[in-house]
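Undergrad: Residue numbers (the UniProt record's numbering), protein chains in the order written: chain A, 1 to 216; chain B, 1 to 270.
Calculated directly from the structure, the hints in this document are not laboratory data. Fair warning: there could be bad hints in the mix.
[Unchecked claim] No farther apart than 25 Å at their CA atoms in a straight line, the calculated lysine to any residue pairs in the SDA-like style are these:
no. : chain 1 : residue 1 : chain 2 : residue 2
1   : B       : LYS158    : B       : LYS101
2   : A       : LYS176    : A       : VAL93
3   : B       : LYS127    : A       : PHE76
4   : B       : LYS101    : A       : LEU204
[Stated by the list, open to error] Here are some of the chain B residues that sit facing chain A, going by a computed Cβ distance under 8 Å:
no. : residue
5   : PHE56
6   : ASP57
7   : LYS59
8   : LYS64
9   : PRO66
10  : THR67
11  : GLU94
12  : GLU97
13  : THR99
14  : PRO105
15  : LYS109
16  : PHE186
17  : ALA190
18  : LYS197
19  : SER216
20  : SER220
Note that this is a predicted model, so its numbers are computed, not measured. Glycine residues also receive a C-beta, built at the ideal position from the N, C-alpha and C atoms.
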Amino acid sequence: MDFLGAFTPDNLIFLLKGFYVTLKVAFISIIFSFIIGGALGTIRFTKIPIVSNIAAVLVETIRNLPLLLIILFTYFALPEIGINLGITVSAIVALTIFESAMLAEIVRGGLISIEKGQMEAARSSGLSYIQALRLVILPQALRRMVPNLVSQFISLLKDTSLAVVIALPELLHHAKIIQAQELSYVIPIFLLIALMYFVVNFALSLIAKRLELKSA
Amino acid sequence: MFKMKKVLLLAIVTLMSVMVLAACNSGGEKSSSEEEGKNVLETIKKRDKIIVGVKFDTKLFGLKNPTSGEVEGFDIDVAKQLAKEILGDENKIEFVEVTSKTRIPLLNKGDIDAIVATMTITEDREKEVDFTDVYFEAGQSLLVKKGSPIKSIDDLTKETTVIAVKGSTSTDNIREKAPDAPVLEFENYAEAFTALKSGKGDTLTTDNSILLGMASEDDSFELVGGTFTDEPYGIAVKSGEKEFLDALNKALEAQNSSGEFDKIYDKWFE
Numbered sequence: 001m002d003f004l005g006a007f008t009p010d011n012l013i014f015l016l017k018g019f020y021v022t023l024k025v026a027f028i029s030i031i032f033s034f035i036i037g038g039a040l041g042t043i044r045f046t047k048i049p050i051v052s053n054i055a056a057v058l059v060e061t062i063r064n065l066p067l068l069l070i071i072l073f074t075y076f077a078l079p080e081i082g083i084n085l086g087i088t089v090s091a092i093v094a095l096t097i098f099e100s101a102m103l104a105e106i107v108r109g110g111l112i113s114i115e116k117g118q119m120e121a122a123r124s125s126g127l128s129y130i131q132a133l134r135l136v137i138l139p140q141a142l143r144r145m146v147p148n149l150v151s152q153f154i155s156l157l158k159d160t161s162l163a164v165v166i167a168l169p170e171l172l173h174h175a176k177i178i179q180a181q182e183l184s185y186v187i188p189i190f191l192l193i194a195l196m197y198f199v200v201n202f203a204l205s206l207i208a209k210r211l212e213l214k215s216a
Numbered sequence: 001m002f003k004m005k006k007v008l009l010l011a012i013v014t015l016m017s018v019m020v021l022a023a024c025n026s027g028g029e030k031s032s033s034e035e036e037g038k039n040v041l042e043t044i045k046k047r048d049k050i051i052v053g054v055k056f057d058t059k060l061f062g063l064k065n066p067t068s069g070e071v072e073g074f075d076i077d078v079a080k081q082l083a084k085e086i087l088g089d090e091n092k093i094e095f096v097e098v099t100s101k102t103r104i105p106l107l108n109k110g111d112i113d114a115i116v117a118t119m120t121i122t123e124d125r126e127k128e129v130d131f132t133d134v135y136f137e138a139g140q141s142l143l144v145k146k147g148s149p150i151k152s153i154d155d156l157t158k159e160t161t162v163i164a165v166k167g168s169t170s171t172d173n174i175r176e177k178a179p180d181a182p183v184l185e186f187e188n189y190a191e192a193f194t195a196l197k198s199g200k201g202d203t204l205t206t207d208n209s210i211l212l213g214m215a216s217e218d219d220s221f222e223l224v225g226g227t228f229t230d231e232p233y234g235i236a237v238k239s240g241e242k243e244f245l246d247a248l249n250k251a252l253e254a255q256n257s258s259g260e261f262d263k264i265y266d267k268w269f270e
């Protein structure tokens with residue numbers, strides 16, 4: 001174990017560059033999957049014939065596949081049918097597809113948890129179904145979802161490391177390159193990147209706790 | 001029951017429409033890539049740059065330097081010489097990172113022109129890609145402290161302990177080739193090398209490409225006896241690209257006869 005040799009400024013900067021890619025890919029995927037997952041979850045909740053069924057089939061299919069399979073599929077299989085996305089976009093697309101399905105279920109769960117009386121009261125006060133959903137049900141449901149949403153975002157951030165299989169230059173990938181320089185760097189670098197993941201994810205869960213307390 | 005049927009039907013319809021879409025797409029793509037020009041060598045000359053897939057995480061062959069951001073290694077220097085022979089300038093080259101998993105798909109997709117990435121020539125791979133002549137003789141070898149009585153695999157007896165890494169094919173190979181010698185297994189290369197340094201065994205065996213890396217970390221150790229398994233590295237190109245393959249073989253030949261190849265070899269492995 002050679003901590004001094006492993007933690008040179010150059011190596012640390014190199015790791016931070018990898019972490020930047022991790023955070024960037026995670027952030028973009030979170031935005032997209034929140035939009036798509038939110039839409040899918042709401043559609044499934046509304047029970048519109050056919051449309052809700054399609055959403056259900058999509059969500060259930062994707063939720064039951066391993067993320068690694070989806071990453072390999074977007075990178076290796078899509079080019080075969082003429083869709084060549086490149087490494088970063090493949091990773092973002094795969095993460096978005098998978099996390100959308102996970103978030104859809106969280107959103108649906110949140111919506112279901114709101115008492116039926118809320119919808120009935122909103123409707124009888126003259127709001128349309130869409131209005132009632134948007135103005136009465138969703139705001140309440142969203143608050144209840146926060147802890148689950150954040151824990152899913154944390155999973156997503158950690159899941160970006162799976163893209164190491166398609167050589168996405170993220171944190172784990174850069175760690176592997178530094179470890180390859182000297183055998184004695186392996187343990188120090190693993191400890192350091194574990195700390196980096198932990199700090200960011202722990203901060204996220206602290207923020208989630210704060211939000212929970214506020215909304216309670 | 002009725003609902004289940006509906007869901008199933010929907011699933012089938014979705015799947016079928018995806019497949020139809022996919023079929024349309026692939027038809028369109030093929031014709032457009034055929035129009036782009038069939039000959040990789042011509043494409044490279046027109047582009048005035050060769051795109052090579054190399055490893056970024058393999059010591060001595062292709063390793064990214066965190067300080068300079070450049071990739072360095074034996075494979076890199078060999079590839080630069082190819083660019084020099086084919087395009088007249090060793091800097092007319094672009095390196096793309098490949099891993100053992102991604103290199104053949106990237107080559108067949110056309111993202112890279114050639115693979116120079118510690119790739120062993122095997123019969124299975126020859127069905128998918130074409131290989132140039134051998135440019136590096138890889139194989140299992142022995143690492144010993146300088147001055148050790150062990151000079152080759154024939155010197156391994158009951159008295160000489162061999163250090164190996166658990167679960168690797170090199171353990172099986174050494175048990176087969178030197179059945180008398182006791183084998184001491186460790187979890188990983190770092191532990192195995194530490195064990196050799198501290199005298200827990202007389203020699204450490206694995207692929208020579210890894211042993212060369214260890215010898216470069218501590219020059220009181222050396223490789224002996226050449227290789228006793230055969231894993232020749234070749235440069236891979238898309239199958240059917242005969243002109244490009246010939247050009248690469250000619251470039252390798254030229255490196256060899258000019259002595260440039262030996263210089264590169266000595267730079268990394270001596």
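Undergrad: Of all the hints numbered above, which does this structure not satisfy? Sort the numbers upward.
TA: Violated hints: 1, 4, 11, 16, 18, 19 and 20; rest satisfied.
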